Amino acid sequence: MSEKITVIPRPSSSIKDKLYLPAIYDGVKVTFKHFFQNLNDSNAIDTLEYPEEQPRDISSRYRGLHRLTHRSDDTIACVACFMCATACPAQCIFIEATEREDGKDEKMPKLFSIDTLECVFCGYCVEACPCDAIRMDTGIFSLIGNKREDFVMNKEQLLSHKGAFGEECSCARD
Amino acid sequence: MSTFAIVTAIASFALGALLALLTIPVLVWLERRIAGLVQDRLGPNRTNIAGFRLGGVVQSFADVVKLLLKEEYYPSHIKKGRWLFMLSPIITFVAALLAFMAIPFADILHVNGEALRVQALPIDFGVFWYMAISSIGVLGVVFGGWLSHNKYSLLGASRAGSMMISYELALGVSILAFIISYDTIDFNAMVRYQSGTLFGFLPAWGIFIQPLAAIILIVSLFAETNRNPFSVAEGESEIVAGYMTEYSAMKFAMYFMGEYVAMNTASAVIITLIFGGYQLPYMSTASLIENFSLFALILLLIIPIIVFLLIRWMQKNNRVRPTVQTDGGRNFETKVLTIALTVMTLIIEAILLYLAFISESLLADTLSVTLFQIATFVVKLMLFNIFFIIIRWTVPRFRYDQVQKLGWYYLLPLALLNIFITTLVVVGVHV
Numbered sequence: 008m009s010e011k012i013t014v015i016p017r018p019s020s021s022i023k024d025k026l027y028l029p030a031i032y033d034g035v036k037v038t039f040k041h042f043f044q045n046l047n048d049s050n051a052i053d054t055l056e057y058p059e060e061q062p063r064d065i066s067s068r069y070r071g072l073h074r075l076t077h078r079s080d081d082t083i084a085c086v087a088c089f090m091c092a093t094a095c096p097a098q099c100i101f102i103e104a105t106e107r108e109d110g111k112d113e114k115m116p117k118l119f120s121i122d123t124l125e126c127v128f129c130g131y132c133v134e135a136c137p138c139d140a141i142r143m144d145t146g147i148f149s150l151i152g153n154k155r156e157d158f159v160m161n162k163e164q165l166l167s168h169k170g171a172f173g174e175e176c177s178c179a180r181d
Numbered sequence: 014m015s016t017f018a019i020v021t022a023i024a025s026f027a028l029g030a031l032l033a034l035l036t037i038p039v040l041v042w043l044e045r046r047i048a049g050l051v052q053d054r055l056g057p058n059r060t061n062i063a064g065f066r067l068g069g070v071v072q073s074f075a076d077v078v079k080l081l082l083k084e085e086y087y088p089s090h091i092k093k094g095r096w097l098f099m100l101s102p103i104i105t106f107v108a109a110l111l112a113f114m115a116i117p118f119a120d121i122l123h124v125n126g127e128a129l130r131v132q133a134l135p136i137d138f139g140v141f142w143y144m145a146i147s148s149i150g151v152l153g154v155v156f157g158g159w160l161s162h163n164k165y166s167l168l169g170a171s172r173a174g175s176m177m178i179s180y181e182l183a184l185g186v187s188i189l190a191f192i193i194s195y196d197t198i199d200f201n202a203m204v205r206y207q208s209g210t211l212f213g214f215l216p217a218w219g220i221f222i223q224p225l226a227a228i229i230l231i232v233s234l235f236a237e238t239n240r241n242p243f244s245v246a247e248g249e250s251e252i253v254a255g256y257m258t259e260y261s262a263m264k265f266a267m268y269f270m271g272e273y274v275a276m277n278t279a280s281a282v283i284i285t286l287i288f289g290g291y292q293l294p295y296m297s298t299a300s301l302i303e304n305f306s307l308f309a310l311i312l313l314l315i316i317p318i319i320v321f322l323l324i325r326w327m328q329k330n331n332r333v334r335p336t337v338q339t340d341g342g343r344n345f346e347t348k349v350l351t352i353a354l355t356v357m358t359l360i361i362e363a364i365l366l367y368l369a370f371i372s373e374s375l376l377a378d379t380l381s382v383t384l385f386q387i388a389t390f391v392v393k394l395m396l397f398n399i400f401f402i403i404i405r406w407t408v409p410r411f412r413y414d415q416v417q418k419l420g421w422y423y424l425l426p427l428a429l430l431n432i433f434i435t436t437l438v439v440v441g442v443h444v
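Residue numbers (my numbering), protein chains in the order written: chain A, 8 to 181; chain B, 14 to 444.
These are calculated hints, taken from the structure and not from any lab test. Careful: at least some of the hints might be erroneous.
Claimed, not checked - Restricting the straight-line Cα-Cα distance to at most 20 angstroms, the calculated cross-link-like pairs of lysine to aspartate or glutamate (EDC-like) are: (1) Lys329/B x Asp80/A; (2) Lys114/A x Asp139/A; (3) Lys40/A x Asp53/B; (4) Lys169/A x Glu134/A; (5) Lys348/B x Glu134/A; (6) Lys23/A x Glu10/A; (7) Lys418/B x Asp24/A; (8) Lys162/A x Asp80/A.
Computed from a predicted model, the values in this text were never measured in an experiment.
With the rest of the complex left out, here is chain B (with noise of 0.2 angstroms):
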């Protein structure tokens, strides 16, 4: 194994860990902020430090500060197992992280003859890894639910673990149908099936590829990832907070930040397995590193647009209305803000620059392609997370049984006859 395999696999598990824990924070704000947005309130854009709000991101990290120093507090009606009680919210917070770690962040790295995934975890069954990790979450949920002592716990588990029955099967008979038309297990191998095209215009994306798996897949990954419109289990308005309600401080945060991170595991196994996951439509991997100066190029000219329209929406926004005497220091914010971005899309077009027309590195273009590709996922996983956020704040929650008769009436019936059709079209085409 070389330095550069070595450097490679601890670069790709950093931004594993960092695109799975960092974006904790991050969606929390978001999820805040759409949310006003969307009912015409700003939402939090208070907090800053030294004058600096970022849109108000900061508040999330003091409410992690918050969290933390709160009080640990054990109800002390809970004689027994209190470690499992102590457990189960990370149960259910590891195995979405887990879940997360196979998804693929870039195609394969091919540097020296050596082919390295650039994946927090290098393996190529990653379908039936997240499928074994991801069901484990409700395992958390049940538990805790049991172990709080509390009817409204017990609701909220007993809700949550017969709403997985209801959804896991069709969420897998789904996901079979997209392995039988990709023929493969691994989601790299279907990234890269997805950056062809279908039919010489389409690209040979998931959605068009599987329509009808496609939609049974994002519903049930919204019943998996126990958010708007499914989530019954937490159920304010019947069950107090159902399997939370005995939880506070860090454990409560671990349930809270687990929900946000199989949230962005499930935007990211959607965008891998029906949206061409790191790939645009029409560039596969090779092609880009093909013509990487034609493409250093457009991205030369695109990149100054994006970061001039970001920079004139930033000065529009960040200020206060006309009638207020103080801006609170927004104006300086966004002196210092524009500068920033100015200096580091210099800094882009200048290498850009310099890969476009000097470099001839095989190796400088292999890493730029990547990286673009891991650029290209984060953007597609944030504006999945934004998808996902406002389902939350659009559709109401479903009856606890509509939710049942959903699965086991229309979802699994549909995946059962979409897998008939797909097999006989596959098995038609390879005869």
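The shape of chain A in the complex, shown without the other chains (with noise of 0.2 angstroms):
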């Protein structure tokens, strides 16, 4: 048993070490470096200026504001079939289905409503959807609002949000 114990010196016990002073002069040249480096070209640091300056990196992938797609001919494609609300962990999806009266299909959606306040941008709702109905491809990172009810989106404002990645329509449904 005893053999097997190896015992590792402690790094910090030369004289050098335990006299910090050396090893605080070493930081301190790193972190004046950095400052004067900085101090000289402000704009020269990598970081985004946000409000005037917009995120460059969102990709196809990036998971944006919800949108519901369309069809071919515009109406929508969801056909109310409540798997995104059932797969939304956050519980956050509101659907009330009614009877589809133009013949495309049997159900469609009255009431479709997101409270963006509780979704947590899983993106749950896009895998479970059968028809690709529910998209969040919009990239659109942020939302703005005075008051909470402003933060529930209902189907007209999911139907207006347009895919910022070039596919519009639904590839499930025409």
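With the hints as a guide, bring both chains together as one complex.
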């Protein structure tokens, strides 16, 4: 048993390390270097000056604000199957179904709202949807409102959002 | 007492109060900007009044307004001693503020046969004043931590109390070494001693006369200000916010500002004791007044260069990147500041020209030297505050027992050894 014990010497046992001051000097050298470099040219700092500069790294896989897709004739693609509302871990999707009159499908949502204050933007609704009716490819990353009700997106608002990466219509319903 | 003496006294007091109080927002801003620059960020640079950002210093004033307008909240579990709970941040703040008042901002003014001290408190026992008053600050911390009726606060307070004992001895003994080698307890006389030279070529600064005591002094003053690497009393990673946990709004701000005033005071004491105070090396007050014309000429040449470099730097940095459409009024600000700086420089140049070539008045020369010394003091003070800030963003916090060990096992014996050697040398030289 005892031969398996290895004693690792503490790294800070030399006098130089115990003095602290040489280490502090090394550290100060690093911080001073960064300080003067950035003081000399503050625009070279790799930060985003946000409201003026918008993020440039939003890819097609970015999970932004939701949208409801359309069919080719601009009607709603959703069939109100409740798969998204069932999959939602935050339980923020509220659907009320109604009968669809134009013969394309049997059902469509009468009300479809997402409480974005509760939404965790996990994307499970998008994966659960069998009709490619809900997507998160709007590229919208910030939402502004004056009261809580402003953050509950209703069906019309969700339908009005545009896809930011080319694909406009549902790929599963035509 | 002449009118001039009264004016000097009032001006010195106002200068002391301004230097201690008006630097707080500047220091808070400096801390945040320097932290940003050290960590490759920008720091607060947005807040502005009519487009004037001044690098973001307006943010601190906005913060003060916010803290003033916040709700005065008392934790309901504090039943007894609420007045002391209120008073303790004030004790810390006032102690740091009063300790600053004994620092000389310029040499003694000799006008019409009167010797006037340019000190907020015109006393000649400044070192004792500083040591007496600055130690009171920890009382506010201990009271606040005890009366918060909170385990974290109590831990923070007890840490502050026991840490104070461990560094205060080393601090006192190291200052004693300076008292012995300068042979005075007057801050101003100490600075005058340091305006001479050592071995004919080194400035007789404390750091060259007493290098060991200087290091001990700097380390224990870092501990005295409760700042990193000795911020164990606050210790946010272990005990929430230490003694400040139950404090909010202006009560918290008093502790917060007290920390910055203490930092300012510590910087002032460091430069006064070991970095030549308000003097530049090799230039004593008498020689400055004697050769004032030459000195004014040199200033005349140097000031435009400094201002030119400053304007160049501002024009380079006070702008947004080319990719950004709106500049948020930065161009306008740069233009106005450039004009203001140029006009100021021209005025100073004109005054210096007048003093160098036309004026023969000794009073004018003396006053200009005093103003120059005040400016030197402020620049040195700010440089040391920046040093304090850089250290804070460089060094991680010591563990609590490490601070104790450092104080008792290393600093105190070294300080005692130092004072032993100092005494031997001083006695040897004088006998």
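Taking the hints in turn, this is what the structure says about them:
no.	hint	verdict
1	Lys329/B x Asp80/A	violated, 55 angstroms
2	Lys114/A x Asp139/A	holds, 15 angstroms
3	Lys40/A x Asp53/B	holds, 11 angstroms
4	Lys169/A x Glu134/A	holds, 19 angstroms
5	Lys348/B x Glu134/A	violated, 55 angstroms
6	Lys23/A x Glu10/A	violated, 32 angstroms
7	Lys418/B x Asp24/A	holds, 15 angstroms
8	Lys162/A x Asp80/A	holds, 17 angstroms
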